[in-house]
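Asker: These are the residues of each chain, in order.
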Amino acid sequence: MKGLMKPVTIYQTIVVVAFIALLEVLCLVGVIDKVTMPPPHIIARDFVRMFARGEYFSDIAVTMTNVIIAFVSAFVIGVLTGTVLHGYRTARDVLDPLFATYYAIPIFAFYPLFIVIFGLGDGPQLLIGFLLGVVAVIVTMLNGLDRVPNVLKKTARINRLSPLQTALQVTLPFCAPYLLTAAKLALAYAFIGVIGSEFILARTGMGYEIGFAYTNFDNATMYPLIVLILLLSIFANGLLSKWETVLLRRRGQK
Amino acid sequence: MNSDDRKPLRNTLILIGLILIFWEGCYLLIGDVALRSPWQTVRFLGTLMQTDTFWGHLSESMQAFAWALVIAVAMGLAIGFALGLHRLSGDAFEPMLVALYSIPKITLYPILLLAFGLGISAKIAFGAIHGIIPVALFTLTAVRSIKPILIKTGRVLKLSPSLMVRTVLFPAAVPEIFTGIRVGFSLTLVGTVLGEMFASQRGLGYLLMNAISLYNVDLIMSVTFLLVVFAATVNTIMLIIDHRLHHR
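Residue numbers (this note's numbering), protein chains in the order written: chain A, 1 to 254; chain B, 1001 to 1248.
Isolated chain A (complex conformation) (with noise of 0.2 Å):
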């Protein structure tokens, strides 16, 4: 049975094939033109010979240390805050409303504030990155402690544990799932954020140099390093779901 594929495994397969395959036919017979995108196995010749040749290490070495910067500090603070903040019932209400609106704000307008006070560097890509993911993670973690339930509450006192212990071996254990679903919520946000960054003004990184590209008509640099990054999220976000559906289905959720 393991060595079956699933239906939908199948279906999904096919999908994509099918959806390469058509591009490929679409850019053969000239419907798209080749100023506009060069056909798939071009770019994957490309994609080979841009790692052979080692070009862009160092603007993928910045972009990653970056994306990973902000996906840590974003996930780290907002689980503790999350985590103090659910102590204090005035100040959740006070700042519902704006969790509930804070998506709804360009973030991204932020950045040329951020570029005019911290100057055109990391900082302000960090910052975007960083602010895009921290909301996500402190709403997801809250949810999560509002679902711990009171029995294990009640045994964390019986047993006298201090507030650090009980958050330590009881509630945050317990939120393991959720903490899962913040870490890819920030993973995608960081992402998001700081190549959207290097995209709108930067110096250096993936999304300077797609740019650059751009202006240069250069699509042998271009659609590589726009699969890259497509295939590095595609791939960052898999294996946080796979890992999260593991976690649920151990507790009978899923």
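Simulated from the structure, these hints should not be mistaken for lab results. This list has only true hints and no planted wrong ones.
Partial list, computed: chain B residues near chain A (C-beta under 8 Å): (1) I1014; (2) L1035; (3) L1088; (4) M1096; (5) A1099; (6) S1102; (7) A1115; (8) I1212; (9) M1221; (10) T1224; (11) L1227; (12) V1228; (13) A1232.
Where is the CB? At the ideal position from N, CA and C, for every residue including glycine.
Assemble the complex: chain A is given as a structure, and chain B must be docked to it using the hints.
Answerer: Okay, now just chain B, sitting in the frame of chain A:
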């Protein structure tokens, strides 16, 4: 009942007060070099609104945004209904849509620019791809969770597919769909502005980018302020409607 109704309003007012205090505090801390106080920002926005060029940019942005939203909602609903009604397709496409949702879509913008050319159509397309996925995902979930008895009744009455969607599925799924449209609204706005910031000669996003090169802090602050107030206001109104729909 009455005090319960007023509580969110009171909290919102406290929150706005706190944000204004924080803003003023930042201004006092950083100073005129990079920030303006709330009052200065509002005053500059007032003078900005008396210029014709500003209205030109605003109407360009709003036009692009409106078209993008219409396309996002229409296509999102179509995809959501199609996938929601077919189990296997829904199962196959849902994780793919979620994966697409999490990618930095800005990377696709150069492709759209090459395909559509510099101009309003590329912006519309870019705004729309931000909004389509949430609308589709929420619609998909909504259609799937419709009570089977409603669908069975429709079948017994031999409703045509279009009649089925219009009289049974759509009304039953409206609350969830509205949530999707609310999320789609925000993301479409983000997408449109982002597109203008990357490559455009017109619109509020362009105005923002132009202000950086001119180091015009007044302009940056007031355009950002305008965008935030617009997004927050519309979202709050939609949240209230959303809440009412879900509690019918």
